[in-house]
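Given next are the chains, with one letter for each unit.
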Amino acid sequence: MSEPTEDSVRAEVRSWLTANWNPELSLVEWRKKLAASGWGAPHWPKQWYGRDLPVKFNAIVDEEFHKIGAVGVAKAGIRTLAAATILAHGTDLHKEKFLLRILTGEDTWCQLFSEPGSGSDMAGAVTRADRQGNKWIVNGQKVWTTSAHKAHWGLLLARANWDVPKHKGLAYFVLDMKQPGVQVHPLKQMNGHASFNQVFFTDAIVEPEFLVSEVGDGWTVATTTLMHERRGADGLRSWATASTAKGRIYEEERAEIATTMEPYKWYPQRAGRVDLVLERAKATGKFADPVLRQEIAKLLIMSKAAEWTARRARAAQEQGRPQGPEGSLGKLVSSHVARQAARVHTYITGSDALLSGEDSPLGGVIAEILVSVPATSIAGGTDEIQRNIISERVLKMPKEPSVDTDKPFKDVPRNITAS
Amino acid sequence: MRFSFTPEQEEFRAGLRRALEARSPTKEVRRLMATDAGWEREGWQKLNRELGLTAVHIPEVYGGSGFGYGELGIVLEEMGRGLLCAPFFSTAALATTAILNAGTEEQKRTLLPSIASGETTAALAFSEDDGRNDGAGVAMTAAPSGAVYRLDGTKSFVLDGHTADLIVVLARQPGSKGEDGLSFFTVTGDAPGLERRRLKTMDETRKLARLQFNSVEARLLGDAGGASRPFAKTMQQALVCLANEMVGGAERLREDALSYVKMRMQFGRALASFQTMKHKAADMLVDVELAKSAAYYAAAALDEGDGDITAIASLAKACASEAYLQTAIHAVQMHGGIGFTWDNDTHLWFKRAKSSEILFGDANQHRETMMQHWGEPS
Numbered sequence: 001m002s003e004p005t006e007d008s009v010r011a012e013v014r015s016w017l018t019a020n021w022n023p024e025l026s027l028v029e030w031r032k033k034l035a036a037s038g039w040g041a042p043h044w045p046k047q048w049y050g051r052d053l054p055v056k057f058n059a060i061v062d063e064e065f066h067k068i069g070a071v072g073v074a075k076a077g078i079r080t081l082a083a084a085t086i087l088a089h090g091t092d093l094h095k096e097k098f099l100l101r102i103l104t105g106e107d108t109w110c111q112l113f114s115e116p117g118s119g120s121d122m123a124g125a126v127t128r129a130d131r132q133g134n135k136w137i138v139n140g141q142k143v144w145t146t147s148a149h150k151a152h153w154g155l156l157l158a159r160a161n162w163d164v165p166k167h168k169g170l171a172y173f174v175l176d177m178k179q180p181g182v183q184v185h186p187l188k189q190m191n192g193h194a195s196f197n198q199v200f201f202t203d204a205i206v207e208p209e210f211l212v213s214e215v216g217d218g219w220t221v222a223t224t225t226l227m228h229e230r231r232g233a234d235g236l237r238s239w240a241t242a243s244t245a246k247g248r249i250y251e252e253e254r255a256e257i258a259t260t261m262e263p264y265k266w267y268p269q270r271a272g273r274v275d276l277v278l279e280r281a282k283a284t285g286k287f288a289d290p291v292l293r294q295e296i297a298k299l300l301i302m303s304k305a306a307e308w309t310a311r312r313a314r315a316a317q318e319q320g321r322p323q324g325p326e327g328s329l330g331k332l333v334s335s336h337v338a339r340q341a342a343r344v345h346t347y348i349t350g351s352d353a354l355l356s357g358e359d360s361p362l363g364g365v366i367a368e369i370l371v372s373v374p375a376t377s378i379a380g381g382t383d384e385i386q387r388n389i390i391s392e393r394v395l396k397m398p399k400e401p402s403v404d405t406d407k408p409f410k411d412v413p414r415n416i417t418a419s
Numbered sequence: 420m421r422f423s424f425t426p427e428q429e430e431f432r433a434g435l436r437r438a439l440e441a442r443s444p445t446k447e448v449r450r451l452m453a454t455d456a457g458w459e460r461e462g463w464q465k466l467n468r469e470l471g472l473t474a475v476h477i478p479e480v481y482g483g484s485g486f487g488y489g490e491l492g493i494v495l496e497e498m499g500r501g502l503l504c505a506p507f508f509s510t511a512a513l514a515t516t517a518i519l520n521a522g523t524e525e526q527k528r529t530l531l532p533s534i535a536s537g538e539t540t541a542a543l544a545f546s547e548d549d550g551r552n553d554g555a556g557v558a559m560t561a562a563p564s565g566a567v568y569r570l571d572g573t574k575s576f577v578l579d580g581h582t583a584d585l586i587v588v589l590a591r592q593p594g595s596k597g598e599d600g601l602s603f604f605t606v607t608g609d610a611p612g613l614e615r616r617r618l619k620t621m622d623e624t625r626k627l628a629r630l631q632f633n634s635v636e637a638r639l640l641g642d643a644g645g646a647s648r649p650f651a652k653t654m655q656q657a658l659v660c661l662a663n664e665m666v667g668g669a670e671r672l673r674e675d676a677l678s679y680v681k682m683r684m685q686f687g688r689a690l691a692s693f694q695t696m697k698h699k700a701a702d703m704l705v706d707v708e709l710a711k712s713a714a715y716y717a718a719a720a721l722d723e724g725d726g727d728i729t730a731i732a733s734l735a736k737a738c739a740s741e742a743y744l745q746t747a748i749h750a751v752q753m754h755g756g757i758g759f760t761w762d763n764d765t766h767l768w769f770k771r772a773k774s775s776e777i778l779f780g781d782a783n784q785h786r787e788t789m790m791q792h793w794g795e796p797s
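If you're matching them up, the sequences are chains A and B in order. All letters in the first sequence, in the order written, are residues 1 to 419 by this note's numbering. All letters in the second sequence, in the order written, are residues 420 to 797 by this note's numbering.
Worth flagging that the hints you see were computed from the coordinates, not collected in a lab. A hint or two may mislead.
To spell it out: a stretch of chain A is covered by chain B in this simulated footprint if at least three of its residues, at any positions, have a beta carbon under 8 Å from a beta carbon of chain B; those stretches are [claimed, not checked]:
1. 137-148
2. 192-202
3. 211-219
4. 375-387
5. 397-410
Using N, Cα and C, we set each Cβ at its ideal position, and we do this for glycine too.
Let the sequences and hints guide you as you build the complete structure.
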């Protein structure tokens with residue numbers, strides 16, 4: 001076997017698709033075929049539905065699918081983070097039980113990490129997992145859980161040992177969400193949407209074989225999940241867009257995507273909708289206002305410079321050079337952009353910014369921007385945590401003094417809200 | 420190449436940085452800034468000959484190296500970092516660029532080789548006493564007198580105008596208005612009737628001069644009455660050059676302030692261990708990296724002939740103006756009392772940040788330019 005090249009991969013996937021693509025199949029039937037061929041997740045191992053190809057070829061494979069309108073494996077949502085974590089740390093049993101149904105989209109997943117008492121301090125989780133007889137019994141509460149109400153399985157970070165320091169007492173489980181001990185309630189946000197859930201565990205049960213790695217390794221395994229979340233699960237996870245083609249398989253895919261993407265529908269507004277600013281300024285007749293022009297220009301400078309900075313980071317990555325500091329700034333900069341965009345939209349909109357829903361411009365989009373932007377500087381690592389990361393990892397400044405990492409977790413002061 | 424440098428460019432930058440660190444320590448900057456000229460011919464010619472600096476973006480046919488604004492930007496960024504006291508910006512970024520934009524083939528062949536080799540230094544005189552940076556603000560007149568012209572009027576804020584061997588002057592046909600009737604002229608620095616006075620500048624590393632022209636003999640550069648467009652182009656190029664110089668200075672300030680707070684002890688711990696310092700340092704990194712991205716992008720956009728260059732050049736300048744000054748303000752603050760002393764070097768860059776903020780128009784002006792170009796229906 002010679003080394004795969006762009007051309008050889010393209011030719012191979014093309015010939016497989018020509019021979020096998022069949023839009024008359026059901027979505028699951030087709031994806032089972034696809035998973036068996038390895039073309040659904042080409043960078044995965046051969047024995048687990050992949051082809052052992054380097055990640056860089058995924059784009060070529062995607063292109064070939066796109067050309068003939070072939071549907072791919074289920075890519076959106078937390079399921080791809082579950083797959084990446086299981087591939088890295090799971091047993092063969094986990095892989096056999098979960099991976100195929102992740103690719104076919106039959107199972108959906110959620111991530112049970114954040115708690116009311118531990119937001120930025122995720123390793124301070126107090127949801128407890130106690131071994132009783134042959135089972136793990138889980139009690140406690142998780143929060144900010146996207147799609148928990150639909151999920152079949154949850155990736156759970158829980159405390160299994162209270163006598164060791166906080167990072168060392170955690171365990172990582174796969175938890176069956178469809179059981180009496182798990183209750184899911186929607187969490188309504190300040191923008192009126194309820195994209196997340198609170199999940200309550202009352203003597204929820206985990207089978208012992210669904211512990212991932214060892215007790216005490218929970219933090220390491222969770223770090224793997226988070227790492228894949230940050231880099232988009234190596235291109236397998238994507239911001240799904242549905243095909244508009246006709247046919248059964250496309251309809252099934254559209255329904256799946258609509259369900260998976262539903263919680264994210266306000267995310268463009270959260271980022272500030274810089275794209276709307278110039279047209280709104282002109283449409284409202286405010287564009288002649290010199291003060292507004294200054295504010296718009298400040299926004300465009302920030303957003304363009306942010307985009308170019310991200311491109312610098314990507315260029316370094318693509319050329320195999322170590323990223324400079326420019327690679328660590330995007331999250332913090334996106335908060336600045338979103339805030340300035342909300343300011344500008346407010347100036348442009350004037351009194352109409354007092355209104356909401358269908359009384360607000362663009363059918364409520366402007367109002368939604370104004371009340372969604374505050375999420376940007378919190379979700380996925382607050383601005384304050386980002387500044388700590390930048391100063392400690394990039395600028396090599398001293399770490400924050402820690403008062404809770406060297407003693408048994410049971411002795412660490414914590415919030416009263418969690419039991 | 421808008422988002423990365425080639426290995427050759429990185430190597431060029433590293434060599435330049437080493438040379439400037441050796442030749443332009445702050446002790447040397449302080450010595451030269453206290454002189455009337457602001458630089459020394461012998462030392463500058465030696466450095467320029469060794470590194471081919473004024474030759475960088477001059478085409479090979481005119482005795483240069485034929486590189487673009489990407490490379491010129493690197494030179495300027497490193498000079499801004501090292502605060503080199505030399506008539507480089509005036510010669511290379513302003514006068515050379517104006518000659519390239521406006522001059523006839525024969526004029527370029529005559530004027531540029533000695534600039535490229537470093538024998539001749541040059542300045543571009545466009546602003547007058549009101550400090551405007553646009554062609555329409557020019558009042559100085561040029562009256563034809565046989566084969567030459569006679570210049571009358573005043574130029575001010577002329578970068579290195581008191582020492583330049585060759586001065587490129589923007590003047591207008593008597594009676595013309597606005598952007599019409601503008602022409603470039605060349606005048607020798609020692610021309611009879613030319614009175615040059617160095618202005619006392621806040622930023623002593625950037626010398627400015629006021630030039631009084633009393634019937635000074637001048638030669639036309641390029642087309643009579645056709646300087647409006649080449650001048651506007653020159654200003655765009657100068658903005659991009661300045662933005663690159665500025666981000667070099669800003670990064671140096673940021674690094675120095677960071678080193679200082681890591682070393683400085685108060686309350687029994689390094690200043691850098693206080694979260695308020697860490698967060699400030701992170702914000703400074705964001706400001707500087709964003710401004711670098713804009714400056715690099717703009718230099719590449721010049722090289723690629725981007726149709727949006729007017730807006731992009733103004734964006735890069737506005738972004739660098741805010742970032743450099745904000746970095747300088749933070750840097751003084753992080754140094755505390757010592758940062759306000761003359762002996763501490765921070766003020767050298769603080770003042771360069773301030774002079775750069777204003778030179779060729781402040782951020783407000785350039786944000787408005789951006790809006791005029793990106794805001795109108797296309």
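Hint check against the structure, violated hint numbers in rising order: Hint check: 1, 2 and 3 fail, others pass.
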